[in-house]
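Asker: Sequences are here, hints too, so could you generate the full structure?
Chains G and V, in that order, are what the protein sequence lines are. Sequential numbering of the first sequence, starting at 1, is according to full-length UniProt numbering. Sequential numbering of the second sequence, starting at 1, is according to full-length UniProt numbering.
In short, the hints are calculated from the structure, not lab data. Treat the hints with caution; some may be incorrect.
What the hints assert, rightly or not - Below 27 Å or equal to it, Euclidean Cα-Cα: the simulated DSSO-like pairs (lysine-lysine) are:
no., chain 1, residue 1, chain 2, residue 2
1, G, K129, G, K36
2, G, K79, G, K46
3, V, K260, G, K25
4, G, K79, V, K251
5, V, K260, G, K79
6, V, K272, V, K73
7, V, K260, G, K129
8, V, K73, G, K20
9, G, K36, V, K255
10, V, K260, G, K118
11, G, K46, G, K97
12, G, K8, G, K79
13, V, K248, G, K20
14, G, K39, V, K260
15, V, K248, G, K39
16, G, K79, G, K100
17, G, K20, V, K255
18, V, K255, G, K79
19, G, K8, V, K251
20, G, K100, V, K255
21, G, K46, V, K260
22, G, K130, V, K260
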Amino acid sequence: MNQADVSKLISQLRIVVRPKNRNLKNPDGPEGRLLKLRKTVTALVKHERIELYYNRADEARGYAELLISNAIRHGDRHKPTMELADYWLLEKQLVHKLFKVLVPRYDNYNVSYTRMYKAPRDYPGMYYKKSVLELRGNPYPTLCADQTQNRNLLHNVLLDEARKEFRREKVADLANKLNVATEAPKKTVEESSDTIKPTAI
Amino acid sequence: MNVNGFCRIVSKKLPQQFAYKRIVTFSTKPAQQQQEATVSTPTLPNNNTPAARKPIVPGHYRFVYPEFLPDPKVQWRNTVREKLERLDMLARRGQVDLPEFYVGSILAVTSSDPHAAGKTSRFVGICIHRERCGLRARFILRNVIDHQGMEVLYELYDPTIQKVEVLRLEKRLDDSLFYLRDALPEFSTFDENMEAEHLEEGAPVPVNDIKVVLRPRPWLERWERQNLLGVANIEQYIKDKHRKSAAKVQKPWEKYDLMKQYRATIPEEEQKEIFAEVHTELHTLELQRKRNKRKRSFIKPKQLA
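Answerer: Rendered as structure tokens:
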């Protein structure tokens, strides 16, 4: 049982964090692992959507999230945060993007800043699982097919039925009116108004 | 049988404690300053978000009561156990005064000891280490008595502890002072009859930047590898080969390893929740301590003639 480190305050991540990190097989050890992940984080911030192996994407995701959340928390006047950005973003123009584009974009977000999808792997090919990692609010078209117009979606079935019923009522209404109009010359105006009322209710 | 006993204790204790806490854990009103700000600039957005509210739990609580934060290791987390432990800790704090102290502070601990002459023993020493959390929180005191280095490990919530006095409240440059074991004895020698030094209220805890002098090798640990700030003469005793091996084990990339830091800390939102839960009782205990201190500081003058 160890004490929690209290020297730093970090915001809670909105993604699921594994209890242990993946070592991402590397001859240079933990330092090499970070070098590898730096490339991924840089690419993510640059392209906003990348496709890569699942393990590496999942590891890089936490670092990208924390980088953005630190940038939001401390701003660009905070020296340690700037050092972090300098370390994690290999292309230095992306430091500007982080503080001037991503921080305003994610300022009021209640959800995670990144999204990860499982991607199909090529067959035959490497066995490793693949995934797509993207920043939320990116300019690309969405990856998930838009299912809202699916005919078999329960909401759409119900809406269809409601529409049909509405139309049926309208037609019945119209027919009633027509009947009244054809019988009107024979009867007085008061009686005709009585026959319409029940349909209106 | 054990389980039954535990359940009985819990069922007795829980309802009243929780009921008490649910009422006064955190403020639901926005802070006054915020209100003023919104009045002067009515276009300010997000008036009602939780971020706009000023928290009532002071920010230094995580330094003063680090043992209230659970172990960050996910496999060992158990929210129910943590909550019960916090209740027990508060109950114990109601019985005995456990003041704020840090590594480097000088303490006097009085504890029951069946083998001591008066059945109690008092040990004065410098706190060289604090570790563990919850009810298992513990610290090590060190002193040199009759030219012999002595260390006593106390559990903070041990029921045999009768009194904890802070004789000098200060911090040192390092997080743990195990190197005092290899330092000259005068750096860990403290008078047993030392008077308590009172700090002004609200003053920041002073950091003692004393640099201790190590005695020559062999040492208990390889201090040259630990980047110690509070040691004066480490260069005097190490050779090139030590320097090389020390450089080899350095991990300069760890300060950039954000996920490692994240896994070693409790996130801010969770800390707020925990301290909001225990804040009221800790605060009342603090006020009580202040009152007692004021009482003690007034000594009735004696009639001498």
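Asker: The structure should be examined with respect to each hint, and the outcome stated for every one.
Answerer: Tested hints:
no. : hint            : in the structure
1   : K129/G x K36/G  : holds (18 Å)
2   : K79/G x K46/G   : holds (23 Å)
3   : K260/V x K25/G  : holds (17 Å)
4   : K79/G x K251/V  : holds (21 Å)
5   : K260/V x K79/G  : holds (20 Å)
6   : K272/V x K73/V  : holds (19 Å)
7   : K260/V x K129/G : holds (24 Å)
8   : K73/V x K20/G   : holds (9 Å)
9   : K36/G x K255/V  : holds (16 Å)
10  : K260/V x K118/G : holds (25 Å)
11  : K46/G x K97/G   : holds (8 Å)
12  : K8/G x K79/G    : holds (14 Å)
13  : K248/V x K20/G  : holds (25 Å)
14  : K39/G x K260/V  : holds (18 Å)
15  : K248/V x K39/G  : holds (25 Å)
16  : K79/G x K100/G  : holds (16 Å)
17  : K20/G x K255/V  : holds (18 Å)
18  : K255/V x K79/G  : holds (13 Å)
19  : K8/G x K251/V   : holds (19 Å)
20  : K100/G x K255/V : holds (24 Å)
21  : K46/G x K260/V  : holds (24 Å)
22  : K130/G x K260/V : holds (24 Å)
When held up to the earlier numbered hints, the structure conflicts with none and fits them all.
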